[in-house]
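Visitor: One letter stands for each residue in the lines below.
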Amino acid sequence: MVDKKKLIVVIVGIAIVSALGASFSSYVGQVDQMTQDIQDESDVSPVSLPPLLGSQTAPVTIIEMGDYQCEMCKRWYDESRPKIIENFIDTGKANMFFIDYPILGVDSALAAEATYCADDQGKYWDYHVTLYDYQGHMNSGWANAERLKSFAFNLDLNMDEFEECLDSSKYDQRVKLNWQKASAGGANSTPTFIIVNTETGNEEKIVGAQPYAVFEKVINSML
Amino acid sequence: MLIPLLIISEHLFLEPYIIFSIYPESFVNFSLILILSIFAGIVISMNIFRIRQIKKTNKIGISLFGTIIGASAGACSCGPVGFSIITTFGTAGGIATAFLDMYEIPLRIISIGILIVVFFTSLKSLKNECKIKS
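Residue numbers (the numbering used here), protein chains in the order written: chain A, 29 to 251; chain B, 21 to 154.
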């Protein structure tokens, strides 16, 4: 006679392993979908560089890889970003661009697409700021299609154009390509930063919502 | 336990420089991590002592359970730990980390509560069971 306790443990163990296997295969499916859909880089709009914040001639470039639903990205946005803009970007010592790395769910990718729809009307950075200002809990619906459209409305964007852009997934490929680039660049969390001296090619990677002092030290060492 | 939790919660960074940071909004979180680490350290030590002295293991499981809940809470989905969980377990991992992130403070309070209860019961047990019988 099989011990009842052992039998229950075995059944629960099988159920857990099955659930894990199903989840893993769904993730693998998602990754395959992400990479398969990117057929060719040339399929993406030729203007695939994200909009730059700051002077094009600045000697140092800050590349931020982030997710609009990421709490730590929001922390960096609130605490370190304003001082970096004031002391380095506004003074022409550095410029910055943002690469979407939507790892936290479907709404992350949709929010990223919405920023490019706003960019079509010249308001990429305004929209970027709005997303972080109104960030809610992860996958709570704060960045669903309706909310994203309401953000656009608040920024006085042409709603017909914006809605058509978002609903048609116009920038779906671009966001997936950015995801692939960030992943290939070694990012395994958000936010991840790469600080590059564009003249010498020296670069430094910073992982996490590190305080302003770290960025100040790294950027100054590159100037 | 304190140092790993501080690293996971992005209060302590090791690269490119060793730096500790705390912001006003994250002060509560930091305080809970500190309290949790202190109690976890005391409770687990007490239970290891109990196991060695009186060969009873009935409280170590609960103390480990409380510690694990407290340690898991706030494993930010966007950090390396959360990212690993999401990439390994897919949708289930994403839901789990989102839950842990959303209810970080209540989960840490619950785990501290568990550890406090275990602390007092372990203390009582050690007082009673370690008496020299005359």
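Treat the hints as calculated values from the structure; they're not laboratory data.
Among the hints, erroneous ones may be present.
Stated by the list, open to error - With the Cβ distance kept under 8 Å, some of the chain B side facing chain A (calculated, not the full set):
#, residue
1, Glu-30
2, Phe-33
3, Glu-35
4, Gly-61
5, Gly-99
6, Phe-103
7, Pro-126
8, Thr-141
9, Leu-143
Stated by the list, open to error - Listed next, the stretches of chain A that the computed footprint assigns to chain B, with coverage defined by at least 3 CB atoms under 8 Å from CB atoms of chain B:
#, stretch
10, 135 to 144
11, 175 to 187
12, 196 to 205
The beta-carbon is built from N, C-alpha and C at its ideal position, and this holds for glycine as well.
Visitor: It remains to establish, for every hint, whether it holds in the given structure.
Guide: Hints, one by one, checked against the model:
1. Evaluation of the B:Glu-30 hint against chain A yields a held restraint, the C-beta minimum of about 5 Å falling below 8 Å.
2. With a cut of 8 Å, the hint placing B:Phe-33 at the interface with chain A holds, because the nearest CB-to-CB distance is about 5 Å.
3. A cut of 8 Å between beta carbons decides the hint on B:Glu-35: the least distance to chain A is about 7 Å, and the hint holds.
4. At a threshold of 8 Å, the smallest CB-CB gap from B:Gly-61 to chain A is about 25 Å, leaving the interface hint violated.
5. Satisfaction of the interface hint for B:Gly-99 is found here, the shortest Cβ-Cβ separation to chain A being roughly 5 Å, below the 8 Å cut-off.
6. Annotation: B:Phe-103 was flagged as interfacial toward chain A, and the flag holds, the nearest CB pair being 5 Å apart, inside 8 Å.
7. Given the 8 Å rule on beta carbons, the hint for B:Pro-126 is violated: about 13 Å separates it from the nearest Cβ of chain A.
8. Violation of the interface hint for B:Thr-141 is found here, the shortest Cβ-Cβ separation to chain A being roughly 25 Å, above the 8 Å cut-off.
9. Violation of the interface hint for B:Leu-143 is found here, the shortest Cβ-Cβ separation to chain A being roughly 31 Å, above the 8 Å cut-off.
10. Only when three residues or more bring their CB closer than 8 Å to a CB of chain B does the claim for the stretch 135 to 144 of chain A stand; here the count is 0, and the claim is violated.
11. Counting residues of the stretch 175 to 187 of chain A whose C-beta sits closer than 8 Å to any C-beta of chain B gives 0, which falls short of three, so the coverage hint is violated.
12. Under the rule that three or more residues need a Cβ within less than 8 Å of chain B, the assignment of the stretch 196 to 205 of chain A is violated, with 0 such residues.
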